[in-house]
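So the sequence lines, in the order shown, correspond to chains A and B.
Under the numbering used here, the first residue of the first sequence carries the number 830, and numbering increases by one thereafter.
Under the numbering used here, the first residue of the second sequence carries the number 19, and numbering increases by one thereafter.
Be aware that one or more of the hints could be misleading.
As the list claims (entries may be wrong) - Pairs of lysine-lysine, DSS-like flavour, derived with a Cα cap of 30 Å:
| # | chain 1 | residue 1 | chain 2 | residue 2 |
| --- | --- | --- | --- | --- |
| 1 | A | Lys1073 | B | Lys137 |
| 2 | B | Lys153 | B | Lys134 |
| 3 | A | Lys1073 | B | Lys80 |
Everything labelled a hint here was simulated from the structure, so no lab data went into it.
All figures in this text were calculated on a predicted structure; none of them were measured in a lab.
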Amino acid sequence: MRKFLLHYLLPRIAQYLTVIFIGITVTFIIPRLSPTDPVEAQVSMILSSGSAVDPEAIEHMRQALTEMYGLSGSPLEQYIAFWGRLLRGDLGPSLSTFPTPVTRLIGQALPWTLGLMLTAVILSWIIGNVLGALASYYPKSKLIYAIDLMSQAVRPIPYYVVALVLLVVFAYLIPIFPFSGAYPVGTRPSLTPSFVLIYLKHSALPALTLILVGFGGWFIGMKSLTSNIISEDYVVYAETTGIKERKILTQYVMRNAMLPQITGLGLSLGTVFSGALIMEVVFQYPGMGMLTLQAIFRNDYSLIMGIAIYSIIGVATSVFLMDLIYPLFDPRVRYQ
Amino acid sequence: MAILSVRDLRAYYRTEAYGISRTVHAVDGVSFDLHPDEIYGVAGESSCGKSTLIKVISGNVKPPLKAYSGSVEYDNGLQKVDMLTISPEEMRRNIRWKEISYVMQGSMSVLNPVRKIIKTFEDIVESHRGIQDKKVFREQVEAHINRLGLPTDVLNAYPHQLSGGMRQRVAIALATMFQPRLIIADEPTTALDVVVQRGVLQMLKEIQAESKNTVLLVTHDMAVHANVADRVMIMYAGRIVEEAPTKTIFKSPLHPYTKHLISSLPMIGVRTTKTSLRGSPPNLANPPSGCRFHPRCPLAMEVCRTEIPEMVDVESRHRVACHLVKGGAL
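The following block holds chain B by itself, in its conformation from the complex:
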C-alpha cells in the first residue's frame, strides 16, 4: 500500500511577457509510489525538476507553476486525498503539518527573524490544535526538542542567534512536532559543512527509525543518498530515468546517466580520472525530443532521438527508462 502515489504528473511553469509565452516543462510525466516506513531519495542535478516535484507534492503550487495533468494521491489509511484538487483551507486544516510536513530548501532563512523560536512552535501548534495551557505547551515543546538533542535555550533565542546547523535542526524539530506520516526534506544538508551534515542526517534517520514514517529526501548529493535512503529515484530533465533500492542503484546502475552520476563519486583508494559528461542539462523550456538525455549520452542510438523511452521493470523494484535496456543491449 502506498502512502503517496504520483501518476503521470505534468507540472509546467507558464509565463507570458509581451505576448510571448514560455512554458518550462519542469516535471513531465512522473510516476512513483512512496511506502510507509521508508526513506525515499530523489536525486538529480540542478534544474532537473526536483524542487518543482516537491512543490506540487507539498501543495505549494503558485503561478506561474501549474499542474496540467496527472494525479497526486495521499492515502493515510483512513481516507484518500487528491492533493491537486483539495481546497487550500482543507489542505491547511487537515494535511499540512499534521500529515505532511516539510523541511524546506534553505532552511537557514525559514525562521521569522523577528520572532523567538518558541513563538514559531506556538504559531504552528495554535493554528492546528489550539493551546489551552501555555505552561503545558512549553513543557511539551521542551520535551520534544530535548528528545532530538537540542538544548532548551534554543527556544528563547532569535533565529539570528543560532548557527546554521542549529537552525536546520530546529526546522527538523518543527517538522516532526506532530509526528506526521510523511516528511519532505528538500536539500536539508546542502548549506552545511560535513560534520554538521552528519549530525543532521543522523537526526533525520533516528526520527524515521523511531516513528516509522516516510521521508522523501531530495538532494543532489549522491553520498547523502548512499548513507540515508532506502530507495533512490534519479531524475533527469523533468523525468524519472531510474528507480531502485539504494544498494542496487549503487551496485548495478543501468541508465547511462545514473552510471555517470555514480562513477563521479570519489572513492577511497581509487585513483582514476573522473570523466565528466559533455554538454549541460537541457533547457526545459525547449527540451530535446525523444530521450531527454540523448544529446549528452555517449551510447545514444537513432531511436533515442525520436522516441521517448518507456519505463521498464528490470526486477521487481528496479525500473529504468532507456532504449538500451529495453532492447536488451544492457
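Pulled out of the complex, with its shape left as it was, chain A reads as follows:
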C-alpha cells in the first residue's frame, strides 16, 4: 500500500496539479498579450451610449474597472492576486452580463451540458465497444455487418447535418420530439418527475445525434483492437480448454481489448466540460457551448477565461481519475 502511494499515487497527483497549474497560467497570460484593453473598451462603450459623464467619474470608473478585472499592479502582482481569487472560487464578474459572477453563469449552464454530454459520451463508448468487439468476434453476423456499414456511413457526416436530419424527421415529419431547448419556455427547472420527463424528451434528439456520430470511432477502434486480441495465445488456449464462448468473449477478449479504450474514454470525458458547441446551437440547448458562443460574440474576456479554466480542470481531473482506476482493469500497471 505504501509502495502504491509512493510510486503510483503521488507522481500522478503531482502530474495532475502541474497540468492544471500550467494550463491556468497560460489562460492568465494569453488575454494579457491581446492588444485591446478591456477597461478602455468598457469605458468607451459606456461613453458611446451617449450619457454625459464628468471626467472625474470616468477616472473613478476606470480605476474601479481596473481593480475589478485584476489589472492593477505589476504583472507578477496581478498573477498572485489572480491565483488568490481563483483559490477563493472567484472568477470575477462577467463583462457582458455585468455584474453577474462568471461562476454563476457557468454554474447555470454546466448541469445541462454535463447531463447531456456525459450520457452521450458514456453511452456511445459502451455501444461502440460492445458492437466493435462483437463485429470482430462474429465476423459472419449480418446484423453487425449492417451496423458496421451504418456507423461508417454516418461518421464522416458533420454532426450538425445529422442533427438537422434528425430534427426534420423526428420533430417535423413525425413530431414526437420538441424542436429546441432543454425545457419549454415558461417552465421552471425542478427535480419533479414530470419535469424530468419533459427534459428527457427535449434532450433525446441531441443525445441521439451525439451517440450516432460518436460511437463509430469507438466501434472501429474496438474492432481492430479485438481482431488483434483474438489471435493472442491466451484466447486460442482458452478456446482449446473448452471455456464457454461467452466467458471467452467477455473475460478474455473484451477485457484485454478495451484497455486502450479506457484511456480514450478518460480523454473524451474531459472534453464534456466545453460542451458540443454546434449541437447546442442547432438545438438551442442552454449548455456550455451556447455560453462559450455568447462569450466570444460579446468579447466577454472573464467568461471565456472562466470556461477555459473549467475545461482545463475537467480534462485534467478525468484523466487523473482514469489513471487511478486503470490498475483495476490492468494488473500489469500496478506499482510501476
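For chain A, the structure is supplied; the task is to place chain B on it using the hints.
Here is chain B on its own, set in the frame of chain A:
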C-alpha cells in the same frame, strides 16, 4: 487397442490472394496410433508439420488450415469419436480438457494477463462441471497444485508475476486438472533453461506414471525425447519417416534423416566434428517429388526422385519409409 488413431491424414493450408492460390502441404499422409499409458514423442525440425499435426488432433483447425482427407479417431473405451467431423459444441463439452488436454507451444503467453491464476482454473472447471461451492473448489485446486509441487500463492498471482518455469508448470497443472486420457504437450520446454526444463519434464513424467494416461510430446529437441519418450516418431516435410521405441531409434536408426538427427546430438567424450546436412528443409508449398528428403540425402538413388517410399515394418514396432530399407540395402 489405440486411444487415438490417425489414418492417412492430409491437412493443408490453402490461401488465396489476388487470384493466386497457394497450398502448403503441412501434413501429408500421416498414420500412427497412440496407446494408453505411453509417452509418444514427435520429433522433427521447424516447419516439418509437427504443430499442424497437433492442431488437427486437438481440434483447432481454423482456416486457412483444413483437413482434406484421412481420419483422426479418438477412442476412450466407451465410444469412438471422429475428431474431424465432431461439432464444435460437442467437442467443447465432451472432449476438450475432460478427455484431451493441451500444453500449448509458448505456454508463457497462454495465461490471460488480466486474470488471476485461480480465475483461469475457475473458468475451466465452471465451463465443464460447474462450481457449486467456491470454498470446496478452491481446496480442490490447492490440493491439485500442491500435489504437483506448486505453492498455493501461485493461485493469487497474475501471470506477469510468475517466472517462465512457473507459468509452464501452471499450464501443466491446468492440463491435468481433470485427469484427461490424453495430454498433448507442444514444445513444453522450448523457452526454458535446462535446469527449469528438467523440473518441468520430471513433472510431466511423474504425472504420466501416476495417472497412466497418454502423453503426446512434440519437440524438436532429441535430448528431451531420449529422456522422456517411450516411442518416437520422426517427421520430415509433412510425412513420417521413421517410428520406433526410443531405445531402438537411438541405437539403430534406419532412415538417413534420423541418423543425421541423432548423430548431431552432442555426447560426452566424443570429439568428432558433426557433419551438417546440406540444403534446408523443403518449401511445403512446393514439396520435392518422390521421397521428400532426396534433395538433401547423401544416399539418394534414382528411385528416390520419382517414387514416394512406402512405410515398411522392420520389426514389430519399428517402421520406416525409405527406398534403401525396402531394397534391403540397409
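Problem set entry | Hints breached by this structure | none
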